[in-house]
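Asks: Chains S and X, in that order, give the protein sequences.
Each residue of the first sequence is one higher than the last, beginning at 1 in the working numbering.
Each residue of the second sequence is one higher than the last, beginning at 305 in the working numbering.
The set of hints was computed from the structure by calculation and includes no laboratory data.
The C-beta atom is built at its ideal place from N, Cα and C for all residues, glycine as well.
You may find that some hints are simply not true.
[To be verified] According to the in silico footprint, chain S covers these stretches of chain X (three or more CB under 8 angstroms from chain S):
(1) 386–395
(2) 404–412
[Said to hold, decoys possible] Across the chosen pairs, the derived CB separations fall in these ranges:
(3) A463/X - R199/S: 22 to 32 angstroms
(4) R173/S - E374/X: 44 to 54 angstroms
(5) G496/X - G97/S: 26 to 36 angstroms
(6) G97/S - E452/X: 58 to 68 angstroms
[Said to hold, decoys possible] Selected chain X positions facing chain S (Cβ under 8 angstroms, derived; list incomplete):
(7) T316
(8) N353
(9) R380
(10) Q383
(11) I399
(12) H416
(13) N417
(14) L419
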Amino acid sequence: MDYALQQLVNGLTLGMIYGLIALGYTMVYGIIGMINFAHGDVFMIGAFISLISFILLGMGGITAVPIALVLVLAIAMCFTALYGFAVERVAYRPLRGSFRLAPLISAIGMSIFLQNFVQVAQGARVKPLEPVVTGGIVLMEGGTFTVTISAMQIIIILTTLVVLTIFTLIVARTPLGRAMRACEQDQRMAKLLGIDVDRTISLTFVIGAALAAVAGMMYLLYYGVIDFFIGFVAGVKAFTAAVLGGIGSLPGAVLGGLLIGLIETFWSAYFSVQYKDVAAFSILALTLLFMPSGLLGRHDVEKV
Amino acid sequence: MSAPILAVEGLTMRFGGLLAVDQLSLSAARGEITAIIGPNGAGKTTVFNCLTGFYRPTGGSITVTHENGETFRLERLPQHHIVRDARIARTFQNIRLFGGMTVLENLMVAQHNRLMREGARLPLALVGFGPYMRREAAAVDRARFWLERTGLIERADDAAASLPYGAQRRLEIARAMCTEPQLLCLDEPAAGLNPRESDALNELILFIRDTGADGRGCSVLLIEHDMSVVMTISDHIVVLDYGRKIADGAPAAIREDPKVIAAYLGVDEEEALAVDAALQKQ
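Starting from the given sequences, assemble the full structure and let the hints guide the process.
Replies: Written out as structure tokens, the structure reads:
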């Protein structure tokens, strides 16, 4: 029981990170109907920018933990957003209106480029970060197992919840959010109502990248080591989460992320750590086979 | 006499070997309802699509002149500037609402530019105070005004796709009006409406002509097959056949024009009968 509770805490934390990345996939899919395969690598970039900012802040003498965390978060979000913007400009916008597979191929190319760029710029070895936040709260003591929630996990869960709330408000309440939803449904009509569709798509990438940056920073803090390849596995898992939740559905992405995080954690805890990826990707296969529109997705009727 | 709000000159639209619109010139006077009629396939909707940037015309010019003398060449404007700068809004023959959004949201999307242009910056929108809230409230008011005019106020929070057909048509008009256009292009607004709805529509269009979005009236360009609508509310009628203009004038003159009658009789029995019936009724 206590062991399971501990896994629940761990799984939720991991799930939050996946959910944040999954949002980026699902938003882009919603608005231009394309899987942005470079999104996982944007997340990796976010993690690297966080690492670099932690080190720079440390050298600059800013070591108060809360201030450092907030600053790093802001820096990572801004710079990663720039990457997201640039990726869309360079790799996708020129191909808009081209055949469907073209942007997909260009996305894969972008992904390879970003990985190699970081490999060349930062080296291929794993980069460690000294634990920034330590300590935790004991939730349940006694018995055979002590259930703790670390301060780090609390920070991850809280930050994610705050970011998600802000993000939900943007989508639900602001003109930008309405424009995004309108473009999702009918781009030409949105244009006719005076919405600059290109700009809205750009902003979607920017927001998606900023969310990925949050996830990247959380990943860095949680695991303490990153390398240029983390974007691939995390990206594919988040993609699985987006598909499981129903691609195109924002609450679905978060739900899918949490589920994948939990499944993976519980699988590792009770069966085998080596095969945890098998568990996550089996879910992808099963979802695609039996529930192609996902948990919260709507049935897509092919437009004629 | 001021310049007409819309002046189309030598408009040509060619799709491969098909000449859909051929050297068409027409104009729509400010503050009037101008109807474009013609048999099926005459090129009416193609003209609309050229006006609103869906197609790039093969040749010719489309000029919009605002009351203050400002002119816009529509064939050169990017599509999203047509409504923003030239202030032209349109509706569709096959309704194109944002079905998954609520009725009110559909009208708010139409006011996107006003909300953004007047400096609705994201942080303010989130914190929810200051000028942003006032603008948002003004946009909601404007939306409410048109919802009341179109009898949809009760349905404001329902998904647009859940409305009955006639209501969706009215919502499309309300949405177009929320962009505060100077010229409203209606593509077969009466299609599929019952006679009662059709009468209400006439009233709505007349209201738009006389009052418009800002109380100063809005010119209307109308494509319509329903002759009872066309003959009742139009100030001016342009008749197209095979992409050319065959007649142009006041409803009374059009009704008697032999070329028009021939075009209808020669092309489509059903529509010829409709014209005939409308003539009998007058």
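Asks: May I ask which of the numbered hints given earlier this structure violates, with the numbers listed in increasing order?
Replies: The structure breaks hints 4, 6, 7, 8, 9, 11; every other hint is satisfied.
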